[in-house]
Amino acid sequence: MSARVASLGGASRAALTWWRLPPGALLQRLDEVVPRSVPLVIVTVAAVGCALADQAARQALRLLGDQSFIGPEYIVLGVEEFGPLVVALTLSLRVGAGFAAEIATLQSESTLDAMALFGQEPARRVLAPMGVALVLGAVALGLVGFVAWELAGMATLLLRSEVSPFTFFHPEAVRGAGVVLMILKCAAAGAIVFAAATHAGLAARGGAVAVGEAATKAVVGAVLGCLIMSAALDMLWFLARSP
Amino acid sequence: MLVALGEAVGRRAGDIGALLLSARRALIAGSRLRVDLTETLRQTDRLFVDALPLFTVASVAVGGVVAMQGLNYVARYSASEVFGWAAAMSAYRDVGPLLLGCGLAARVGARTTAELAVMAARDRLDAVRALGIDPEPAVVWPRLVATVACSVLFWAPACTLVLAVAFVVASLVGDQRLATSVWSVASYVHASTLLQGLVRMVLFGVVVGLASCHAGVAVATSEDRSAGAIGRAVYAGAVLSLAGVVMTNAVLSLLGGTG
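These protein sequence lines are chains W and G, in that order.
Going by the numbering used here, the residue at position 234 of the first sequence is 234; the numbering climbs one at a time, nothing skipped.
With positions in the second sequence counted from 1, the corresponding number in the numbering used here is that position plus 1000.
Keep in mind the hints are simulated off the structure, nothing from the lab.
Note that CB positions come from ideal geometry on N, CA and C, so glycine has one too.
Treat the hints with care, since some could be wrong.
To give a feel for the contact side, a few chain G residues facing chain W, derived at Cβ under 10 Å [to be verified]:
{"no.": "1", "residue": "1028"}
{"no.": "2", "residue": "1068"}
{"no.": "3", "residue": "1082"}
{"no.": "4", "residue": "1130"}
{"no.": "5", "residue": "1227"}
Full structure from sequences and hints, please.
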């Protein structure tokens, strides 16, 4: 346990000095996190946005007979709440499982120990680039997810309720502080997914069974961590804005 | 890039085709009562107990998310009268089942995939077949049915916990009175809303069960049966489950009523 925490700590310290990381390894991890996650992020965020926009529009029409306020509320919800949350869950399931399986394979085959023995610094060469790529990638995917969210809402309202996209789109409703919250949530989600994957992967001992267990534990830890982080930041955000 | 896109689309189409075939075989096996009942109950008990801590903590966190989402509107529109109704819709039908479906994919789905992938990689499924037992009704379908059973068993307690936490958080963090929230649920929430939520959760269970079983068993047809292949199977099952859950959620929302 203490060795795992030490390795995680070493990787986190190395990640904080990201400019000293091998550029090739960092770029490779960024490629794994961002471009390869984009299709899944777009599909998941758009599907959730489509469902929420349609339900919100129908409820508003049924109860108030007016859909004009849906646009400004929907865009804020995408920036501050559901955009970052769905991206976090997607990263947990897609990248968290993959990274944990890779670390667990390296650990169970004693490759990390061999690297350390030959002075190759596995924390700096293998683990830290994953952490930096996850934090930066999560923020980038958050922005991509936001675009997908808004486009999905526009398309849904246009096709289902014949609301013009120009009427629906209200960028002025998004405040700078809301964007900061989104970036903060995405970066925190990236860090949580990294911590869960590294912690579970480094615990793996004994081959195929251990790798499967590590991937499962990483996914569970990351999903749980992201949900708790989102709820906690929402509460702090609400209290900070309260008069 | 076009080649990569084509390959990705081809792989996903292959996955969907294999999933539909699996679903068909599972339906036929279920209709002929070819699923091992004892094994199904054993798997349901194991998966339920295993996932209970995750679902409890996840429900508390989702309750916090639902509360904060509603409180923002209560504060902006002075709409404390409808907070309970909106939170119940969110907890039982919309956000609750969706996030719990992701939890199901993470815990139950990933575990099922890992177990089946290890069995496939170590030729245990072939060993079962060599004994004259069909591994699908004996090993695979019980896990699929158990995943669906877990989703049904978790829905009411987990969503009620989500709602209770949302009410408590709203009364502690905001100025939302508990009595007003409970009155709002009793006055405005229809039974059809609850039914829609349950149907949604059952379908999420089917999707996660099919995706996780498919990803696990697929290792048997692969040449690579290393530890890395197990990890990739878990990853593939998780991705397929998540995409399936959100797509099913979107389709049900578009087809469903307003509750």
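Evaluation of the provided hints:
With 10 Å as the threshold, the beta carbon of residue 1028 of chain G stays out of range of chain W, its nearest partner Cβ sitting at about 29 Å, so the hint is violated. Residue-level restraint check for residue 1068 of chain G holds (minimum Cβ-Cβ distance to chain W is 4 Å; threshold 10 Å). The closest approach between the C-beta of residue 1082 of chain G and any C-beta of chain W is roughly 8 Å, which is under the 10 Å cut-off, so the hint is satisfied. Below 10 Å, beta-carbon pairs count as interface contacts, and residue 1130 of chain G has none with chain W, the closest being about 21 Å; its hint is therefore violated.
At a threshold of 10 Å, the smallest CB-CB gap from residue 1227 of chain G to chain W is about 4 Å, leaving the interface hint in force.
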